[in-house]
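S.K.: Given next are the chains, with one letter for each unit.
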Amino acid sequence: MLLLDPEFLFGLLRIATPLMFVAMGVLIAERSGVLFIGVEGAMLVGAFAGFLGAGLLGSAWLGLVCGVLAGVLCGAAMALLTVSIPANQVVVGLAFNIVCAGITSFAFRLTASVAPSRTPLLEWPVAEGTTLARWLGHLPPLTVLALALSAATAWMLFRTAPGLMLRSAGHNRHAAASAGVNVGAVRSVALLAAGAFAGLGGAALTAGWIRSFSDDVTMGRGFIALAAVYFGRWYPGWTIAACVIFGIGEAMAFRAQSFGGNPHLYLMIPYLLTLAGVALAGRAQGPQEAGRTEP
Amino acid sequence: MTNCNRRAFLAAGGGVALMLSAGFHVRPAFSAKPVKAAVIFSVANPGNAAGWDEGSYRGVRKLIDEHGWDVTVAEAVPFPRLADTAANYAESGYDVVIFTSSGHIGAWNEVSPKYPKTLFAMMSVVNALPKAANALAFSIDIYGYGVMGGMAAALASKSGTIAAVGGAPVPGLITWMSGIIEGAKSARSDIEVLTAFSGDWSNVPRAREVTAMQIERGADIIVMNAGGSTRGVLDAVETAGVQCIGYATDVYAESEKSVLTSVLMNIPSWYEALALAVDEGRTEARIENYGPDTFTLADMHGKLDGAVETTLRDTIGRYQRGELTVAVVAHDVK
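Heads up: the sequence lines are chains S and D, in that order.
Under this note's numbering, the very last position in the first sequence is 298; numbers go up by exactly one each time.
Under this note's numbering, the very last position in the second sequence is 777; numbers go up by exactly one each time.
Think of the hints as simulated: they come from the structure by calculation, not from any bench.
By construction, the Cβ of each residue, glycine as well, lies at the ideal position given by its N, Cα and C atoms.
Do not take every clue at face value.
As the list claims (entries may be wrong) - If you anchor each label on the Cβ, the simulated ranges turn out as follows:
| no. | chain 1 | residue 1 | chain 2 | residue 2 | range |
| --- | --- | --- | --- | --- | --- |
| 1 | S | 110 | D | 744 | 25 to 35 Å |
| 2 | S | 115 | D | 734 | 28 to 38 Å |
| 3 | D | 684 | S | 174 | 20 to 30 Å |
| 4 | D | 515 | S | 127 | 44 to 54 Å |
| 5 | D | 523 | S | 109 | 21 to 31 Å |
| 6 | S | 128 | D | 531 | 50 to 60 Å |
| 7 | D | 731 | S | 117 | 36 to 46 Å |
| 8 | S | 155 | D | 774 | 44 to 54 Å |
| 9 | D | 504 | S | 271 | 36 to 46 Å |
| 10 | S | 60 | D | 722 | 32 to 42 Å |
| 11 | D | 775 | S | 161 | 35 to 45 Å |
| 12 | S | 136 | D | 744 | 42 to 52 Å |
| 13 | S | 154 | D | 660 | 51 to 61 Å |
Said to hold, decoys possible - Some residues of chain D that are not near chain S, with every Cβ distance over 10 Å (derived):
| no. | residue |
| --- | --- |
| 14 | 584 |
| 15 | 632 |
| 16 | 655 |
| 17 | 725 |
| 18 | 763 |
All chains, full assembly: derive it from the sequences and hints.
M.R.: In structure tokens, the structure reads:
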């Protein structure tokens, strides 16, 4: 059976892992009351920084760190534009995506002569041949990291005081402010964290999975993560489940080609799932403040 | 004016009138003005694309560096925008517009008759010309090219299963895969040939996973033509510890561990031929076809057993010399 095939399972985890990181970023931003439409751009910047860092520093793990740092910068830019100024979150997000696509393409060409075309393989940072290495060898490191960070995010959001402050800023900023919460500061910090997650997701795609970069390499994965959050109704567990469902869709699309017929029809599966996910989440009530522009 | 001068004047005037009545002439021979050309790619960053588009980009560099052409490169032009892009160049006074993929044939056919003062050159696999005098093509025998790749893969395979992985399922690529199937079977009757498309020329993750799937199905040699997503194929091959055969240019430097060889095409020489044709005013509509004798197998860096490599090179050499015939069959590849 296809779903029990280990190679299929590893395939869907490879596909779903970058989505999980990015979706956690979107979830944090939107729970704080900021629409994170610019997530595709932040992911793309993280993907480029991850590729460049891994290639130049000779370590995929260092590439991931570079992706996180680049994502934090993107989050800071988003915070400046949508919290400090504040500009319309939808317009800023869309413009941010376009700017990031241009910047990464330009920077990719500038660095083509100095950066290796492919990055080192990402492996568990344990000595080869040890029992621990044999045990961990079968587990994709980034999937484990994504699940751990998702659990930490869920705990932080629903079991800690900062999480309560963040959710209150996204639910009703006036009520939060009257309770002494600095809404602007909370949203800014949330956007830094969201950017870090988006950057990590991008780096997981390039340095952790395909080990190379090309223009627009994210190919709409940021938007799929956005849809996963809506599908998961802004709850980490359901969001991760949605990412896995999209991973299954894409992995099935690759394998279904062997069944015959037009391959383009199968390649539509993940996007149809995204559409269905958003449609099914149509009545879901998101954070009330998300998308509001008033200072 | 003497009779002699009058005759010379009339002859010169008649010559100009004849040229104008022909309706098209890109550029008189020995013109001091550089040829203004536009090259259209459907992939991004073709100079770094590893494969066909990189070969084309090297050809473009030849036009600029060795022939002094004034060249504009349009990257990542989506198929629906090709005709408009080419038309814009023609309207802006470009002498030559170059298409670089067989996926551009529709636009080539559409635009060429509308702008008779511009030369539209196709640098890819074509079988027919547009209904226009200003269309020129430098094409290859893509079936024969596939045959060579199929032979090499079949003879190098230990598992008895090989796979051809392509980008978008354009007609040229389907012909290439048919050639691979027949070439492989002609070299080894028990070979199984898998085929798959990633669906486009730029989605690296998708190309990687499609290749990984073929490896899971038993393929130990991957013959690839994935355009800008070639590095996805290379990563899947390297991760699984199998080998692949590169397309058009030598991709050994991209992954020394996993590139067995590449079947090389001398794509820059097509651009050289175009430049000479324009310089000499030989721009009449025609298809210049490059056959298997123009393809070569890159170094294998000792990856195959000596006897196997000798058999492989001998088989391919006999095919190139016409001593070995391979059936031409159009397979309905998926």
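S.K.: Now tell me if each hint is right for this structure.
M.R.: Status of each hint after checking the structure:
no.: 1; hint: S:110 x D:744: 25 to 35 Å; verdict: 33 Å, holds
no.: 2; hint: S:115 x D:734: 28 to 38 Å; verdict: 34 Å, holds
no.: 3; hint: D:684 x S:174: 20 to 30 Å; verdict: 52 Å, violated
no.: 4; hint: D:515 x S:127: 44 to 54 Å; verdict: 48 Å, holds
no.: 5; hint: D:523 x S:109: 21 to 31 Å; verdict: 25 Å, holds
no.: 6; hint: S:128 x D:531: 50 to 60 Å; verdict: 52 Å, holds
no.: 7; hint: D:731 x S:117: 36 to 46 Å; verdict: 38 Å, holds
no.: 8; hint: S:155 x D:774: 44 to 54 Å; verdict: 52 Å, holds
no.: 9; hint: D:504 x S:271: 36 to 46 Å; verdict: 38 Å, holds
no.: 10; hint: S:60 x D:722: 32 to 42 Å; verdict: 48 Å, violated
no.: 11; hint: D:775 x S:161: 35 to 45 Å; verdict: 55 Å, violated
no.: 12; hint: S:136 x D:744: 42 to 52 Å; verdict: 30 Å, violated
no.: 13; hint: S:154 x D:660: 51 to 61 Å; verdict: 36 Å, violated
no.: 14; hint: 584; verdict: 26 Å, holds
no.: 15; hint: 632; verdict: 23 Å, holds
no.: 16; hint: 655; verdict: 7 Å, violated
no.: 17; hint: 725; verdict: 35 Å, holds
no.: 18; hint: 763; verdict: 31 Å, holds
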